[in-house]
Amino acid sequence: MSARRIVLTSGKGGVGKTTATANLGAALAKRGKRVILVDADIGLRNLDLVLGLEKRIVFDLVEVVEGRCQLRQALIKDKRFQSLAILPAAQTRDKTAVSETQFAEVVAGLDELCDYVLIDCPAGIEHGFRNAVAGAAEAIVVTTPEVSAIRDADRVIGKLNERGLPIRLIVNRIRPDMVRTGDMMSVDDVVDILGVKLLGMIPDDEEVIDTTNRGEPIVLVPDSHLGEIFEKIARRLEGENVAFTTLTAPGFFGRLFGQRKAG
Amino acid sequence: MSTIRGRGRSLEIGIDRALAAATVEIRGQLEERPAFFRGSRAVANFGLVETDAAGLVAFRDVLADFGITLDAVSGVESLAPLLAQLDLAYLGAAPGGEVAAIPRPRARRSLALSNGVRPLVADFAGARADLAARRTEREAAALERRTAVATPVASAGVTIPATPNSAPAGVSTLYHRGTLRGGQTLHNLGNIIVIGDVNPGAELIASGDVVVFGSLRGVAHAGAQGDPSARVVALELAPTQLRIATMIAAADGDAGESGPAHAYILGDRIAIVPHAAADLGRREVIV
Amino acid sequence: MRELQEDPAPGSSSAPRRRGRAIVVTSGKGGVGKTTTTANLGTALALTGAAVALIDADVGLRNLDIVLGLEARVRNHVLDVLEGRVTLDDALVTDKRVPTLRLLAAAQTREKDDVDTEAMRALVDSLRDRFDYVLIDCPAGIEKGFTNAIGGADEAIIVCTPEVAAVRDADRVVGLLGNRTSIKLIVNRLRPDLVRRGKMLSVDDVNAILRLPLLGVIADEPGVIISTNKGEPLVLDDASATGAAYRAIAGRIAGTDTSTPEIPLPPTLFQKLGSFFGGRR
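Respectively, the protein sequence lines represent chains A, B and C.
For the first sequence, the numbering used here assigns the number 1 to the initial residue and increments by one for each residue that follows.
For the second sequence, the numbering used here assigns the number 1 to the initial residue and increments by one for each residue that follows.
For the third sequence, the numbering used here assigns the number 1 to the initial residue and increments by one for each residue that follows.
In case anyone wonders, no lab produced these hints; they're calculated from the structure.
Heads up, the beta-carbon is just placed ideally off N, CA and C, and yes, glycines get one too.
Hints are supplied without guarantee of correctness; some may be wrong.
[What the hints assert, rightly or not] Ranges of calculated distance between the beta carbons of each label pair, as one might list FRET restraints:
| no. | chain 1 | residue 1 | chain 2 | residue 2 | range |
| --- | --- | --- | --- | --- | --- |
| 1 | C | Pro99 | A | Thr96 | 39 to 45 Å |
| 2 | B | Pro260 | A | Glu238 | 52 to 58 Å |
| 3 | C | Ala241 | A | Arg31 | 42 to 48 Å |
[To be verified] Derived lysine-lysine pairs resembling DSSO-like cross-links, with alpha carbons at most 30 Å apart:
| no. | chain 1 | residue 1 | chain 2 | residue 2 |
| --- | --- | --- | --- | --- |
| 4 | A | Lys30 | A | Lys55 |
| 5 | C | Lys199 | A | Lys232 |
| 6 | C | Lys230 | A | Lys159 |
With the sequences and hints as input, model every part of the structure.
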């Protein structure tokens, strides 16, 4: 059976695509799936950093495309998981080094090796975006509940629709306290505007900064709220009907008010 | 007369004649007290004596018969590849006929510190092909570039071409003053010297040595065409990854030598040694 | 509709002025605050009376107009000008709150490939003859959009958050910028409490790699999201610490403020209680 090929994209930069790709991949791997993560951000690679695998990179995607190494040589296994590997991007090149066809071929070459290919898309809608999408059969759009991010997500959804990719949505960096005071859009608002099916809702969490700096996936941090959320998202991706957990705002009054269901 | 001397907890064996004859001599000396040296480790100084693989094996086996493990040999450079084949360390040339000094305890302590630096011997088939291709490109381009001026920064990464001089072909030193930013690269057939930092994401690839008068935080590859005697030297050695010849090493955690240090192959691993304790080896200088 | 003015309008060709400065605001990494910074710095400089033109170079993903609250007033955009459909004067949007500020919006339904780099450079050049400052809001990444945005600028401001990925991307961009008259740094979204707990990079950590002159440090503040959502730059809010920080940076850019940038400290206990019970700092 061939692998599911999913691109994580957003339009706007900095909404959490790379963190989501890494952690969703890790959550799937924890469930015993064979997962390969592909970093499509040639020249500004970060997926390896977020997983703490930077020091083990010998070959990268561009060298595979240029035939200077085998695909298997470029894959880096994350030893913390049963079956999670990444195909890193090149750092010293730029996105024009690889064409859409070439990128799609590389991803197709991963088919036999895993159950899931998750592609981390660069910010924007330029060449790098087109490459990343060329390798995918499904898309997850990541956005934050901010006007700029939603506007960019909308543009990206339009482009994905042109290519006929099924799309699901992750809303990231939600601040329930600000939603409650009306200073931030609710997830329902976001889903209404974008008109795409919701896959997950992730609260803002300062732990993310530290764990990404240290290269540790959140799903490996014991008792992590965010880790649980990623695991639920993974289950939903697998087709399970998982209820969204309630996000509570910090403070006395959190639970007294009707909270938007999230998870 | 071949000599066996104890120093510290090791033996130093000095060879001053053809190895075959010396081996016989050594065997004779050891037979006088067969159990005395059992369990010892030894280094040997071959001085100017040359030999072949068979001679080395015979020499080592004789020592092994008496429970002595040979670790390292100093002598002429032609020994280096032979020693590598036998998993013996090459300690460089020794002055005159003196026995080579055993690496001082301080250096060994730094080896212990650098246990965090593990060799990851990668499947380098692809890398070798790439290096060969780069070398061919460079040789072809060298003819055109004899009078070339260093080109200005191109849009995606800097590649500054080597400008070989009229010295023996292919050996030169590229000198770069300025910090290398992520994504920038310097490749040279010969050595590379950088006055400035080499940031993470930057890459230095040299067939010779790499010297950074600053912080090395990116990737450095010395001896990129397979020379295991090449080394990387920096004021602060904190690279993402180090490569020497076909060995790759990545540091565990944040442990790193602070202060000027050398990285070179010692035995089966890349060792990081503080400058004060480093064996400088010997390398031809061509200006 | 054109507004009649007695004095030559800022940016009109009849107003003689010294050649202006062109500064690109860039970062590499997305989401670190380039657009917010461009909007606030531009507004702050204009509030001192300087004539300021802001260009949104993020073709296809325009956001500068939203952050300034001017999206309803945008009629034309950069490509309309470059392709000769409208004059520059007609495309420049005025801001009623800040009379000497003008915005040239990006095209939303086009692509960055549609922009000719040379034409963009020429546009920036002509704006420099009319304005004291031309600030260019650069898109994320290092693709054609980036190349177009940096083309006409002598100076660059790097915006970077205290995170490893952002620092790496910023470093790449500094390398690609090559020689400019000046490249300076703004560290954005600092959380002094996290820095103190060792859970975030410090400004020194960031500049150990980037090694750039520091223009300013801005602490993370929830008020920023609110202001960008509403289109009200914080420099217009006298009570905002972030606004004050941007105004100081503007002063340093103009050369009127010679102070060294302050690094925000962790909040005191009383300040913390304040935000716990609601209400903005």
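With a cut-off of 30 Å on the C-alpha distance, tell me whether lysine 230(C) and lysine 159(A) pass. Judged against 30 Å, a Cα distance of about 27 Å means the pair holds.
With 39 to 45 Å as the target window, see if proline 99(C) and threonine 96(A) comply at their CB atoms. With a Cβ separation near 43 Å, proline 99(C) and threonine 96(A) satisfy 39 to 45 Å, so the hint holds.
Under the criterion that the straight-line Cα-Cα distance not exceed 30 Å, is the pair lysine 199(C), lysine 232(A) satisfied? holds (26 Å)
Does the Cβ pair proline 260(B), glutamate 238(A) satisfy 52 to 58 Å? holds (53 Å)
Would the pair lysine 30(A) and lysine 55(A) pass a check requiring their Cα atoms to be no farther apart than 30 Å? Given pair lysine 30(A), lysine 55(A) holds - Cα atoms ~23 Å apart, limit 30 Å.
If you check the beta carbons of alanine 241(C) and arginine 31(A), does the distance land in 42 to 48 Å? Since the Cβ atoms of alanine 241(C) and arginine 31(A) sit about 45 Å apart, the hinted range of 42 to 48 Å holds.
Of the hints listed earlier, there is not a single one the structure fails to meet.
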